[in-house]
Amino acid sequence: MKIGVLSYRFEYYPYLRNIINKLPEAEYIPVKDLYSTIRRIILSVNRRSGRDLFSTFDLNNQFDDFEINKVDILHFSNGVSYGHTPWVAHFETFLPRFSDLLKRTHGKTKNPLKMTPLIQRGLHALGSPSCKRIIAMSQAAANLQKDLLLELPLKERTSILGKLTVLHPPQENLVECCVKRTYDKSNPIRFILVGAGFFRKGGREILNVFDHLITSENLPIQLVLVSSLRLDTYASKETQSDIVWAEQFIKDRCDWIEYYETLPHHKVMELMKTCDIGLLPTYADTYGFSVLEAQACGCPVISTDVRALPEINNMDVGWIIRVPKNNLGEALYSTSEERDRLSQLIQSGLEEIIRGITADPSVIFTKGIKAIERIRKHHDPTLYAKQLREIYQTALE
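For the sequence shown, the working numbering begins at 206 and goes up steadily by one.
In case anyone wonders, no lab produced these hints; they're calculated from the structure. Heads up, some of the hints might be wrong.
Pairs of lysine-lysine residues, derived as DSBU-like cross-links and limited to a Cα-Cα distance of at most 35 Å, are as follows [what the hints assert, rightly or not]:
1. Lys237 <-> Lys313
2. Lys308 <-> Lys390
3. Lys313 <-> Lys368
4. Lys227 <-> Lys313
5. Lys368 <-> Lys390
6. Lys368 <-> Lys351
7. Lys360 <-> Lys390
8. Lys530 <-> Lys442
9. Lys360 <-> Lys308
10. Lys530 <-> Lys351
11. Lys368 <-> Lys319
12. Lys337 <-> Lys313
13. Lys351 <-> Lys237
14. Lys368 <-> Lys575
15. Lys315 <-> Lys472
16. Lys308 <-> Lys237
What follows is a set of in silico ranges between Cβ atoms, one per label pair, in the way DEER data are often shown [claimed, not checked]:
17. Ser553 <-> Lys390: 22 to 28 Å
18. Pro334 <-> Asn519: 51 to 57 Å
19. Leu248 <-> Gly561: 14 to 20 Å
20. Pro322 <-> Asn413: 44 to 50 Å
21. Arg527 <-> Arg256: 22 to 28 Å
22. Asp585 <-> Glu475: 18 to 24 Å
23. Lys308 <-> Lys360: 24 to 30 Å
24. Leu533 <-> Lys360: 21 to 27 Å
Since we're looking at a predicted model, the values are computed, not measured. Backbone N, C-alpha and C fix where the C-beta goes; we use that ideal spot for every residue, glycine too.
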């Protein structure tokens, strides 16, 4: 079976996580198309001008190769195809994933849908015979997709809903069992946050909480950070001055912050195995791959309860910080008042949880064992491959 995958996305993490090399018998073929060519030209223009004159976001999520790539099936992440070759797509929010649609579900109430020609074409692609299956990475994503499809007439909506399935990402366990440890000032509890979008993932709140608990309460804790501190403004609205502040803050507290700007993925996993607890007190994440990876290392996770996170983390295997959300699971962060409230709740929730952990560290081992079992039960790579194989086989019948 020849599976076509966008050539410029071949090393893209969601593709590696969900698509590439998941079936040992399949051949994964890099493919090119009209939109990847246009994208390459626009990126070149932007580089030469020294600024982003044109956005490539919507180009990333469209495909049309006029059937020049000789493959059995195409598999996308967040993309739709306008061609005749059979195709399936994973998605983390909804399809089509276009910039005009993404802000529709931010805030307490939905914005009215403006049916542009681009959105209309994307939805038509989902209803076409060549679209065989759309694969939600979580039930939260499936709910967002169903909500979007309510904008369509019943017949079209029913046709697309028949192609919708939920398939959580695979994750192999990276340790067989947890090691019970004792903790003190010379052997602190190690917490780890991994992710480029530092502020969106609760980085500011983490720094403030740890600084207070270490300097004022002398708790035996240590923070490990792997982040490029990338400017990522869509939820937390940070600025370049916030990045400068974080860089200096981390530098000034190197006695209890272990910081890595970037590491290869396998090195991150090795580092995670030296830690005790994962952190993702995020404003906005579509899934939370780092939660699965921490759990697979026997590290229970502290997270918020936005989007897919309640599906992969809970009070049995970790800790949850509850935050205000709309009915589709998106945290409320559209206004400065909402962001302030969200930040306060994350910070106070994180403080309370960490105090509880230091008061009874045995909970780390107990939840770590359950986290490993959760990964084994719900993210088995063998079962994932079986389900993906069935999707391909059905698509090609």
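The hints, checked one at a time:
Distance check on the hinted pair: lysine 237 and lysine 313 sit about 40 Å apart at the alpha-carbon level, beyond 35 Å; violated. Between lysine 308 and lysine 390 the CA atoms are separated by roughly 45 Å; this puts the pair beyond 35 Å, and the hint is violated. Taking the CA atoms of lysine 313 and lysine 368, the gap is about 29 Å. The hint holds against a cut of 35 Å. In summary, the hint linking lysine 227 to lysine 313 is not supported, as the alpha carbons are separated by about 38 Å, beyond the 35 Å threshold.
With a C-alpha separation of about 54 Å, the suggested pair lysine 368 and lysine 390 falls outside the 35 Å cut-off, and the hint is violated. Restraint check: the Cα-Cα separation between lysine 368 and lysine 351 comes to about 11 Å, which is no more than 35 Å; the hinted pair holds. Our distance criterion of 35 Å between C-alpha atoms is broken by lysine 360 and lysine 390, whose separation comes to about 64 Å. Proximity of lysine 530 to lysine 442 is assessed by CA-CA distance (about 18 Å); at most 35 Å being required, the pair is judged to hold.
With a C-alpha separation of about 26 Å, the suggested pairing of lysine 360 with lysine 308 holds against the 35 Å cut-off. Among the hinted pairs, lysine 530 with lysine 351 is consistent with the structure: their alpha-carbon atoms are about 18 Å apart, no more than 35 Å. A distance of roughly 24 Å separates the Cα atoms of lysine 368 and lysine 319; the hinted pair therefore holds under the 35 Å criterion. Annotation: proposed proximity of lysine 337 to lysine 313 holds, straight-line Cα distance about 34 Å (limit 35 Å).
Distance check on the hinted pair: lysine 351 and lysine 237 sit about 30 Å apart at the alpha-carbon level, within 35 Å; holds. Taking the CA atoms of lysine 368 and lysine 575, the gap is near 33 Å; set against the 35 Å cutoff, the hint holds. For the hint linking lysine 315 to lysine 472, the alpha-carbon distance of about 41 Å lies beyond 35 Å, and the restraint is violated. Distance restraint check for lysine 308 and lysine 237: the Cα-Cα separation of roughly 29 Å lies within the 35 Å cut-off, and the hinted pair is therefore satisfied.
Taking 22 to 28 Å as the suggested C-beta distance range, the pair serine 553 and lysine 390 conforms, at roughly 25 Å. For proline 334 and asparagine 519, the Cβ-Cβ distance of about 40 Å falls outside the hinted range of 51 to 57 Å, so the restraint is violated. Between leucine 248 and glycine 561, the C-beta spacing of about 48 Å breaks the proposed range 14 to 20 Å. Against the hinted window of 44 to 50 Å, the Cβ-Cβ separation of proline 322 and asparagine 413 comes to about 46 Å, which satisfies the hint.
A hinted range of 22 to 28 Å is violated for the C-beta pair arginine 527 and arginine 256, which are about 41 Å apart. The given range of 18 to 24 Å is respected by aspartate 585 and glutamate 475, whose C-beta atoms sit roughly 23 Å from each other. About 28 Å separates the C-beta atoms of lysine 308 and lysine 360, a value consistent with the hinted range of 24 to 30 Å. Range check, leucine 533 to lysine 360: Cβ separation about 24 Å, and the 21 to 27 Å hint holds.
Going through the hint list in order, the structure does not satisfy hints 1, 2, 4, 5, 7, 15, 18, 19 and 21.
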